[in-house]
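Generate coordinates for the entire structure from the input sequences, incorporating the hints supplied.
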Amino acid sequence: MDLLSLLIACGIFFAAVLYSSVGHAGASGYIAIMALAGLAPESLKPAALALNILVATIASTKYIRTNAFSWSLLWPLIITSIPCAYLGGALTLPGDYYKPILGALLIYAAFHSFLTAKKSPTQTIQAPKKWLLICAGLMIGFLSGLVGVGGGIFLSPLLLFLRWGETRIISGVAAVFILVNSVAGLLGVMLMHPVLPEGIGYWAVAAILGGWLGAEFGSKRFSATVIRQVMALVLLVAGGKMFLG
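Here the numbering used here is used: position 101 in the sequence shown is 101, and no number is missing along the way.
Treat the hints as calculated values from the structure; they're not laboratory data.
On a predicted model such as this, the values are computed, not experimentally measured, just so you know.
Positions of the beta carbon are idealized from the N, C-alpha and C atoms, including for glycine.
No false leads were mixed into what you were given.
Below are the EDC-like pairs computed for lysine to aspartate or glutamate, each with C-alpha atoms no more than 20 Å apart in a straight line:
no., residue 1, residue 2
1, K130, E166
2, K129, E166
3, K99, E42
Distance ranges between label pairs, derived from CB positions:
no., residue 1, residue 2, range
4, F111, L162, 12 to 22 Å
5, V195, Y97, 16 to 26 Å
6, D2, T66, 31 to 41 Å
7, A104, L132, 20 to 30 Å
8, M190, R65, 29 to 39 Å
9, M139, R163, 12 to 22 Å
10, S70, V237, 28 to 38 Å
11, Y202, I134, 36 to 46 Å
12, I125, E198, 40 to 50 Å
13, R163, P94, 36 to 46 Å
14, T92, L162, 29 to 39 Å
Right, dumping it as structure tokens:
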């Protein structure tokens with residue numbers, strides 16, 4: 001393993017720790033790291049989705065075992081998100097379109113991390129209408145498959161903003177949502193003969209170790225204020241790189 005692959009593996013490990021601690025799998029972080037390392041854009045989506053599946057599996061198991069999960073909140077989301085993630089994964093955007101969309105996604109994730117790092121809402125929970133969840137799943141699923149993420153960076157802030165669940169429950173739901181959408185998205189990508197980076201095996205090990213550690217902390221209400229802010233800076237730099245070429 002060369003130095004660049006080692007540095008990417010270290011970055012993926014820390015991203016997996018940070019993201020899995022809040023119920024996410026880290027695809028936007030992996031994309032940021034690989035983009036900063038100069039990997040080909042066509043390899044970012046399949047690599048991020050593959051790593052996402054590993055980490056989301058671990059996070060889902062951890063959160064479900066601690067009863068931080070709601071099937072009634074999840075199922076309306078995934079009945080539309082799964083086919084839409086598959087469809088989005090099967091589509092390949094030209095670089096002129098893919099890079100700006102990916103850059104906007106990363107910058108959005110950065111600002112969301114900055115703005116929510118110190119928030120701990122205690123508002124009254126409101127039961128969502130099923131048709132609204134179905135519509136949200138449709139849109140988030142398609143976008144997640146299109147750009148190569150599990151959709152957690154869209155789903156969690158939406159559920160929190162609308163007060164559709166407690167923070168820990170939302171983290172658990174997001175973990176499972178990310179898992180099923182990442183699988184669907186990767187299956188769609190496989191139709192287009194995806195190209196995986198040479199170091200993906202090493203990065204997978206790093207993601208598994210980081211995902212297990214982060215999910216363990218997350219199930220015990222680990223506070224991630226500072227590290228979310230640091231990750232937000234990485235996402236912001238990577239998003240800007242997508243726009244600047």
